[in-house]
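A.B. asks: Order-wise, the sequence lines are chains E and P. The first sequence maps to residues 358 to 468 in my numbering. The second sequence maps to residues 7 to 118 in my numbering.
Careful: at least some of the hints might be erroneous.
[As the list claims (entries may be wrong)] Which residues of chain E face chain P? A few of them, derived with a C-beta cut under 10 angstroms, are:
#1 398
#2 404
#3 455
#4 456
Calculated from the structure, these hints are not laboratory results. Glycine included, every Cβ here is placed at the ideal spot set by N, Cα and C.
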Amino acid sequence: GQQVMQIPQYQHVQEGEDFTTYCNSSTTLSNIQWYKQRPGGHPVFLIQLVKSGEVKKQKRLTFQFGEAKKNSSLHITATQTTDVGTYFCAALGGSQGNLIFGKGTKLSVKP
Amino acid sequence: EAQVTQNPRYLITVTGKKLTVTCSQNMNHEYMSWYRQDPGLGLRQIYYSMNVEVTDKGDVPEGYKVSRKEKRNFPLILESPSPNQTSLYFCATGPRSSYGYTFGSGTRLTVV
Numbered sequence: 358g359q360q361v362m363q364i365p366q367y368q369h370v371q372e373g374e375d376f377t378t379y380c381n382s383s384t385t386l387s388n389i390q391w392y393k394q395r396p397g398g399h400p401v402f403l404i405q406l407v408k409s410g411e412v413k414k415q416k417r418l419t420f421q422f423g424e425a426k427k428n429s430s431l432h433i434t435a436t437q438t439t440d441v442g443t444y445f446c447a448a449l450g451g452s453q454g455n456l457i458f459g460k461g462t463k464l465s466v467k468p
Numbered sequence: 007e008a009q010v011t012q013n014p015r016y017l018i019t020v021t022g023k024k025l026t027v028t029c030s031q032n033m034n035h036e037y038m039s040w041y042r043q044d045p046g047l048g049l050r051q052i053y054y055s056m057n058v059e060v061t062d063k064g065d066v067p068e069g070y071k072v073s074r075k076e077k078r079n080f081p082l083i084l085e086s087p088s089p090n091q092t093s094l095y096f097c098a099t100g101p102r103s104s105y106g107y108t109f110g111s112g113t114r115l116t117v118v
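Please put together the full structure from these sequences, using the hints given.
C.D. replies: Structural data, given as structure tokens:
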């Protein structure tokens with residue numbers, strides 16, 4: 358079935374440094390979604406990318422969808438302690454509703 | 007206020023004792039889904055439903071049952087829980103356009 362591989366598994370940064378997490382698939386994706394889960398919380402939807410080569414920004418967060426629609430990235434500029442959490446990518450599996458998650462990248466930020 | 011309500015938040019039970027985790031949403035969403043989250047394994051889909059009376063298996067359905075008799079409710083049933091079902095469970099809902107799921111607050115289940 359559909360799988361999305363996410364790297365790195367962990368990332369430790371100093372506050373103010375940039376952070377990037379990558380999501381890769383062996384098959385073409387119809388779309389890709391990104392979620393953030395704060396420690397002790399539940400996943401919260403951030404954004405969906407649909408078009409080949411699409412780039413979207415949310416303040417310090419930049420999301421990209423690859424030209425071949427097989428990979429995606431989330432980049433955070435100048436991390437803050439509020440960015441701490443686990444970031445997941447997710448893609449549709451065999452049918453609508455079958456949303457498959459990557460294993461996530463856990464971000465810690467040292468003040 | 008748009009809500010996905012899961013109950014209970016915490017549950018400790020014994021092996022073999024049937025239990026139900028409830029999930030209710032007030033957003034009129036067609037899609038509902040159950041995930042379990044385990045360290046190092048991320049979020050794995052158990053079952054999902056695309057509408058009333060329509061359910062399908064996710065990646066890890068063994069040992070679980072679901073039903074979707076009403077649009078707003080999607081209970082997760084463990085007929086005979088085992089310790090390997092100790093996990094953090096999330097219910098999630100989404101509109102037909104699949105524009106992102108809204109997650110409940112989670113149910114931490116321990117089976118001893």
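A.B. asks: Could you check the structure against the hints above and give me the numbers of any it violates, in ascending order?
C.D. replies: Every hint satisfied by this model.
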